[in-house]
Every structure is written in C-alpha cells, then in structure tokens.
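**Student:** Those sequence lines, one after another, are chains A and B. The first sequence lines up with residues 1 to 288 when you count with our numbering. The second sequence lines up with residues 1 to 407 when you count with our numbering.
In case anyone wonders, no lab produced these hints; they're calculated from the structure. Every residue gets a Cβ at the ideal spot worked out from N, C-alpha and C, and that includes glycine. Hints may contain errors.
Chain B stretches covered by chain A per the calculated footprint, using a threshold of three residues with CB under 8 Å from any CB of chain A [to be verified]:
1) 43-54
2) 211-218
3) 253-262
4) 278-289
Keeping only pairs whose Cα atoms sit at most 20 Å apart, straight-line, the calculated SDA-like set for lysine to any residue is [claimed, not checked]:
5) K311/B <-> G115/A
6) K64/B <-> G115/A
7) K64/B <-> W114/A
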Amino acid sequence: MEAFITQLLNGLVTSMLLFIVAAGLSLIFGLMDVINLAHGAFYLLGGYVALTVMEQSGEFWRALIYAPLIVALLGLIIEVVFLRRLYGRHRHLEQVLLMFGVALIVTDFIRATWGAFVESVPNPELLSGHVTIFNVQYPVYRLSLIGFGLMLAFLLWLFIERTRLGAIVRAGVSDAQMVGGLGIDVQRVFAAMFAFGTALAALAGVVGAPIFSLYPGLDSEVLILALVVVVIGGLGTLKGAFYGSLVIGLADTFGKAALPEFSRFLLFAVMAAVLLIRPTGLFGQKGG
Amino acid sequence: MTVKTKARLTRRQFLKAAGLTAGATAASPLLSACGPAAPAGPVKIGVLLPYSAVYAELGNSIEKGMRMYLEEKNSEAGGRKIELITEDEGATPDEATPKAKKLVEQDEVDLVTGIVSSGVLGALRDYFDQNKKLLICSNAGANQLSRQAKTPYIWRTSFTNWQPNWPVGPWAAENVGKRVFVSVPDYAAGHNMRDAFLNSFQAAGGEAVGLQLTPFPNIGDPAPYITEIANAEADFLYCFYSGGQAVTFLKAYGDFGLAGQLPLLSAGFMVEEDVLPAHGDYALGVRSGLHWALYLDNPENKTFSPTYQAKYDRTPDVFAVQGYDTGRVIVEMLNQTQGDTNVDKMIDVLGGISFASPRGPFTLDTATQNPKHHIYLRDVQTVDGAPHNVVLADLGEVVDPGDDSKG
Numbered sequence: 001m002e003a004f005i006t007q008l009l010n011g012l013v014t015s016m017l018l019f020i021v022a023a024g025l026s027l028i029f030g031l032m033d034v035i036n037l038a039h040g041a042f043y044l045l046g047g048y049v050a051l052t053v054m055e056q057s058g059e060f061w062r063a064l065i066y067a068p069l070i071v072a073l074l075g076l077i078i079e080v081v082f083l084r085r086l087y088g089r090h091r092h093l094e095q096v097l098l099m100f101g102v103a104l105i106v107t108d109f110i111r112a113t114w115g116a117f118v119e120s121v122p123n124p125e126l127l128s129g130h131v132t133i134f135n136v137q138y139p140v141y142r143l144s145l146i147g148f149g150l151m152l153a154f155l156l157w158l159f160i161e162r163t164r165l166g167a168i169v170r171a172g173v174s175d176a177q178m179v180g181g182l183g184i185d186v187q188r189v190f191a192a193m194f195a196f197g198t199a200l201a202a203l204a205g206v207v208g209a210p211i212f213s214l215y216p217g218l219d220s221e222v223l224i225l226a227l228v229v230v231v232i233g234g235l236g237t238l239k240g241a242f243y244g245s246l247v248i249g250l251a252d253t254f255g256k257a258a259l260p261e262f263s264r265f266l267l268f269a270v271m272a273a274v275l276l277i278r279p280t281g282l283f284g285q286k287g288g
Numbered sequence: 001m002t003v004k005t006k007a008r009l010t011r012r013q014f015l016k017a018a019g020l021t022a023g024a025t026a027a028s029p030l031l032s033a034c035g036p037a038a039p040a041g042p043v044k045i046g047v048l049l050p051y052s053a054v055y056a057e058l059g060n061s062i063e064k065g066m067r068m069y070l071e072e073k074n075s076e077a078g079g080r081k082i083e084l085i086t087e088d089e090g091a092t093p094d095e096a097t098p099k100a101k102k103l104v105e106q107d108e109v110d111l112v113t114g115i116v117s118s119g120v121l122g123a124l125r126d127y128f129d130q131n132k133k134l135l136i137c138s139n140a141g142a143n144q145l146s147r148q149a150k151t152p153y154i155w156r157t158s159f160t161n162w163q164p165n166w167p168v169g170p171w172a173a174e175n176v177g178k179r180v181f182v183s184v185p186d187y188a189a190g191h192n193m194r195d196a197f198l199n200s201f202q203a204a205g206g207e208a209v210g211l212q213l214t215p216f217p218n219i220g221d222p223a224p225y226i227t228e229i230a231n232a233e234a235d236f237l238y239c240f241y242s243g244g245q246a247v248t249f250l251k252a253y254g255d256f257g258l259a260g261q262l263p264l265l266s267a268g269f270m271v272e273e274d275v276l277p278a279h280g281d282y283a284l285g286v287r288s289g290l291h292w293a294l295y296l297d298n299p300e301n302k303t304f305s306p307t308y309q310a311k312y313d314r315t316p317d318v319f320a321v322q323g324y325d326t327g328r329v330i331v332e333m334l335n336q337t338q339g340d341t342n343v344d345k346m347i348d349v350l351g352g353i354s355f356a357s358p359r360g361p362f363t364l365d366t367a368t369q370n371p372k373h374h375i376y377l378r379d380v381q382t383v384d385g386a387p388h389n390v391v392l393a394d395l396g397e398v399v400d401p402g403d404d405s406k407g
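Build the full structure now, drawing on both the sequences and the hints.
**Tutor:** Listed below in structure tokens is the structure:
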C-alpha cells in the first residue's frame with residue numbers, strides 16, 4: 001500500500017510538470033493554430049536562465065519570477081518579428097519550419113552559453129527534506145510541486161473561464177476573424193498569448209529543473225511528452241491538457257514501476273488507445 | 001520550359017561528374033607515385049567525436065586530451081606532421097555515418113579516431129572492415145568489438161564495458177553485501193555492464209534481489225524506479241548511468257533519502273569527474289570501478305592532471321585520459337612504421353604498444369585489440385572542498401576475456 005501511494009504521488013508530480021508545459025503548448029495551438037516546436041527549447045532555456053539567476057542571487061524565488069519573464073520577452077519578440085507574418089490556413093509548414101529553426105538556435109545558444117555539461121539544480125532550501133504522509137516518507141519539494149500544479153491549473157481555469165481576456169481568448173479559439181470583427185485587436189491578443197505560452201514553458205523549466213536536471217537533449221524529451229499530452233487531451237483546450245497530463249503522468253509512472261522495459265511502449269500504447277476511441281482526443285472539439 | 005531546365009541541369013551535372021572523374025584519374029597515379037617510398041606531407045587523421053547533443057562534453061574532453069599529447073610531441077610522429085580533421089559524431093548512427101564517409105572518402109584521411117557512442121561504433125564496424133580503413137576508437141566500449149564482431153581494422157584505446165564492472169563483483173560481495181538490486185538503462189552498454197558485474201558477483205556468492213532495465217535514452221523522472229528500489233530490501237544498489245541520466249537518477253536517489261542508507265556502487269562513468277559537480281553531495285560515498293581516478297597516485301597522472309587543468313581550465317576526466325592515450329598510441333604507432341600509413345603496417349605494430357599512462361600501466365592487447373589496464377575501486381570523497389574520486393583499492397590488471405564466458 002505504501003508503495004502504491006508513493007507511486008501515485010510520483011505520478012502526480014510528473015502529471016503536474018507535464019501540465020504546465022502542455023498548457024502553454026495547447027493554448028498557443030488553440031488560439032493561433034501554431035504548433036510551437038520551440039516549446040521544449042523554451043522549457044530548457046527557462047531552466048538555464050533560472051540556474052544563472054539562482055547562482056547570482058542564491059534564491060529560487062527570484063528565478064521563479066525572472067526566468068519566465070525573460071523567456072516570455074523572447075517569445076514576444078519572435079512572435080512580433082517572425083511568426084506574425086506566417087499566420088494563415090495553409091502556412092503550417094512555414095510555421096513549423098520557423099519554430100523548428102528557433103528551437104535549433106535556442107538550444108545552440110544554450111550550449112554556447114552554459115556548455116553541454118549536465119547541470120543539477122538543488123531543491124529550494126525551504127522545500128528540502130521529507131515529510132511523512134499516509135505512512136510514507138516523501139520529498140517536500142515534490143509534494144509542493146503537486147500543490148503548485150493544481151493551483152496553477154485553477155488559476156488558469158479562472159483566467160480562461162472567468163475573465164474578459166479569457167473570453168476573448170476562448171472566442172479567438174473558435175473564430176479569430178470574428179473576434180477581430182468585433183473591434184478587438186487580435187494581433188495583440190495573439191502576441192500576448194504567445195508570450196504567455198512561452199512563459200509557461202519556462203516556468204515548467206524552472207520548477208522541473210530540480211527533478212529532471214538540465215542537459216542538452218532534454219528539450220526534445222519534454223516537447224515529445226507535451227505533444228503526446230496535447231494530442232491525448234484534445235488540441236487547444238486547457239481541460240484537455242490537464243486530463244491528458246494526468247493520464248500520461250500516471251501511465252508513465254505505473255508503467256515504469258511495473259514494467260520498466262516497456263514503459264516507453266506503454267506510454268504510446270495509451271496514446272493509441274485513447275485516439276482509437278476518441279480520435280480528436282479526450283476533450284477535442286475540432287472534428288476532422 | 002520544364003523539360004529544357006531539366007535537360008540543362010542534367011548536362012551540367014554530367015559535366016561536373018565527368019570533370020571529377022577525370023581529375024581523380026589524373027591525380028591518383030601521382031598520389032601513388034609519391035606514396036609509401038617517401039612519405040611526404042602530413043599524416044591526416046580524421047577525428048570523429050560528438051560536439052553536439054548529449055555527449056558533447058565527452059567529445060571535448062577526448063579531443064583536448066589528444067591535442068595535449070600531440071602538442072607535447074610538436075604534432076610530429078615518424079618524421080611527419082600530424083594534421084587533425086574534426087567532424088561531429090552527433091548522437092546517432094544516422095548523424096555519424098555520413099561524417100565518417102566524408103572523412104574517409106572526401107578528406108582521404110589515413111586513419112580515423114574517436115567514436116563515443118557504442119551504437120555509432122556498431123553501425124560503422126562494417127564500413128571500416130570492408131574499406132580496410134583503420135579506426136582507433138577512443139571511447140565506445142561495446143564488448144562485441146573485442147569479441148564476436150572483432151575486425152583487424154578497429155582497435156580501441158578506451159575499454160570494454162565488461163572491464164570496469166567484472167572485478168567489482170567479488171569486492172562488493174566481500175565488503176558491501178550479498179543482496180544487490182541492479183538498475184541499468186535498457187541498451188547494449190547497460191546490458192554489458194550488468195552481465196559483467198552479476199557474473200563475478202554471483203560467482204562470489206552474491207544474489208540479485210531485483211533487476212531493473214530503464215528506458216534509454218530518455219529516463220524521464222526516475223522516482224518510480226527509486227521507489228521500487230527502496231522497497232526491495234537489498235544490501236546495496238548497483239547501477240550504470242552516465243551523463244544526464246546519471247545526474248537525474250542520483251538526484252532522485254538522494255531526494256528520496258537513500259543516500260547514506262542504501263549504499264550505491266556503479267560503473268565509474270556514473271560518478272566520473274564530468275558529472276560530479278552536478279551531483280553535489282549526493283555522490284559522496286558512491287563507490288565505483290574504473291580504469292582511472294583523479295587522485296590516482298602515479299607519476300604520469302601527477303603530471304597529466306595538473307597540466308590539463310592549467311591548460312584548459314577544466315578538471316580532467318577519464319575521457320581526457322583516453323584522448324591523451326589515443327594521441328600517444330597514434331604517435332608510437334607512426335614512429336614504429338616510420339611515418340608509413342599503409343594500413344597493414346599500422347595494424348602490425350599496434351598490438352603490444354605499451355607505456356606508462358596516467359591510468360597506470362597500459363598495453364594494447366593483440367588478442368582483443370583493446371587495452372590491458374588496471375581497474376581501481378574508487379570512492380567519492382570531499383577533497384579540496386569538492387567531491388572527487390579517490391582510490392580505495394587497486395583491483396589489478398583486467399583484460400577482456402575475448403568471449404562471453406565471463407559475462
């Protein structure tokens with residue numbers, strides 16, 4: 001029983017990390033119809049910027065604020081200077097190429113700046129050590145990650161469902177042109193949303209760093225998992241990203257525990273099974 | 001319109017091809033005329049090492065070590081200058097194969113050295129074998145290349161995966177415990193290391209209470225594995241992870257409170273100097289087998305380590321030592337052939353090359369085309385304020401058996 005509870009908590013940690021990454025990816029896709037292949041690179045950049053901030057200031061909390069802001073600024077610049085020219089129904093290939101190029105440049109920049117050594121990020125001091133819950137010793141940092149992820153999910157839900165800006169975003173997902181017709185500057189909404197999505201990727205990079213460490217190549221691992229989550233959950237919905245993350249996080253963890261050799265296979269088997277039953281994902285709306 | 005363009009392109013391609021062929025035919029008699037009799041010009045060595053992706057720092061270390069030795073010898077051997085042409089191995093055979101072909105066919109190098117990934121080595125084995133081109137491998141440790149898949153054209157200055165693990169088995173059974181949990185990544189090198197350790201550990205009366213093969217190369221969050229390990233009631237944990245996997249794995253091992261509770265033994269790469277700074281204190285007390293240690297006490301290492309440190313401003317690691325030894329093997333080989341790069345002559349003199357290396361006595365074994373060297377049982381301790389490897393015991397000279405009889 002104790003082992004089961006520990007694994008359940010492990011699964012929730014992975015789920016919450018995946019959710020933070022996938023939420024950004026999904027929001028950008030839903031609103032702008034752009035598959036952001038640089039999302040993993042933004043994750044990694046967020047982690048490395050956080051590392052430097054922590055080394056300079058010695059405080060995790062500063063990194064948690066600065067790194068997403070800095071990466072969001074980069075996202076904003078990329079949207080305004082490049083991506084903006086490539087919106088449209090038949091320009092997916094150009095968008096994908098652009099974002100793939102951005103991913104390559106960002107990862108090369110990371111290697112030039114921080115080197116290709118593996119960097120480990122210590123847990124924030126306040127959250128180090130263990131607590132005992134349900135008879136199980138569990139690292140405090142991981143436990144707080146679960147709480148942080150749930151809180152972020154709730155805040156995002158509030159933002160999308162309960163604010164005016166959220167309503168504009170939701171309307172934009174359904175029909176961006178119509179929103180423009182109502183006198184709303186869609187371009188600004190797009191730019192803000194892209195920056196916000198990259199900030200989420202970077203935020204995941206910061207909080208995920210003490211668990212996954214930082215090293216070249218992590219960007220594509222993260223990107224693939226996030227894509228799987230988004231596909232399972234249904235493209236473009238926050239709810240989909242949340243439940244998709246839970247499915248993948250738990251499947252991954254229990255798969256690793258039970259059948260470590262086949263855990264990777266199990267992950268994609270789950271994806272295939274979900275898509276067989278619901279081809280548009282758990283909460284997908286855009287039928288194909 | 002289209003037809004016309006197509007025709008013109010074809011003609012241009014034809015002319016280009018014709019020109020190349022003519023040029024090559026014209027040049028080849030000239031080249032062979034001034035070939036073996038009076039070797040002129042530099043010896044061209046293709047260096048195929050990863051400068052991107054996961055293994056980039058390993059590639060950097062190996063190249064720096066090799067250049068350091070060559071510079072000590074003024075980049076000269078057998079009366080000829082040595083010229084290095086570097087290419088990026090990347091992380092996969094798909095990336096490395098075209099680069100190897102470019103070095104051999106376009107740059108016409110005399111020999112190739114490098115190769116970090118065992119996957120790449122396996123994929124390129126037939127290419128070097130069929131083209132009768134010499135490859136001096138400076139890292140990839142796949143056992144098969146010294147066993148079933150041996151070819152006269154591939155020699156190694158590094159190790160076989162079997163070597164650092166096999167002598168640790170009996171030592172662990174005697175000094176640590178009889179019940180082990182083994183966790184390794186699910187690919188050729190992981191299997192090699194597990195088999196080697198378990199072979200001698202079980203022969204010494206030990207038993208495996210748990211075995212875990214984890215996905216490679218993406219381990220993700222290792223917490224589920226750590227949870228399984230913690231519940232297995234083993235005396236100790238035996239692992240082989242390297243690079244990013246090593247760091248995330250050891251971090252989870254520490255975060256879940258196993259450091260200091262469940263002793264960890266490993267193949268030395270898991271706690272080698274390249275990853276130790278990232279491990280921090282969780283690495284303290286991890287014991288491992290490897291053919292070198294930063295604080296290995298011999299005159300060569302006492303010169304090598306500080307010189308490397310001062311020259312490149314980075315801590316040497318086992319990969320730098322392998323690069324350094326590779327430089328030395330190449331120089332001694334060319335000295336013996338007097339600069340002749342005929343492949344049969346080079347192969348002839350490689351077996352038996354022997355010298356005092358920073359790793360201790362080094363001899364290229366003719367039977368396995370791989371070094372005979374000592375394996376040291378090392379312990380991570382705080383030295384000069386940071387975790388480093390010190391030697392607990394010299395486990396003696398270790399030679400790959402040349403077949404799978406011992407794991």
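**Student:** Now tell me if each hint is right for this structure.
**Tutor:** So, going through the hints one by one against the coordinates:
1. 43-54: Holds, because 3 residues of the stretch 43-54 of chain B bring their Cβ atoms closer than 8 Å to Cβ atoms of chain A.
2. 211-218: Coverage by chain A holds for the stretch 211-218 of chain B (6 residues, Cβ < 8 Å).
3. 253-262: holds (count 3)
4. 278-289: holds (count 3)
5. K311/B <-> G115/A: At roughly 18 Å apart (the allowed maximum being 20 Å), G115/A and K311/B satisfy the hint.
6. K64/B <-> G115/A: The hint holds at about 15 Å.
7. K64/B <-> W114/A: 19 Å, holds
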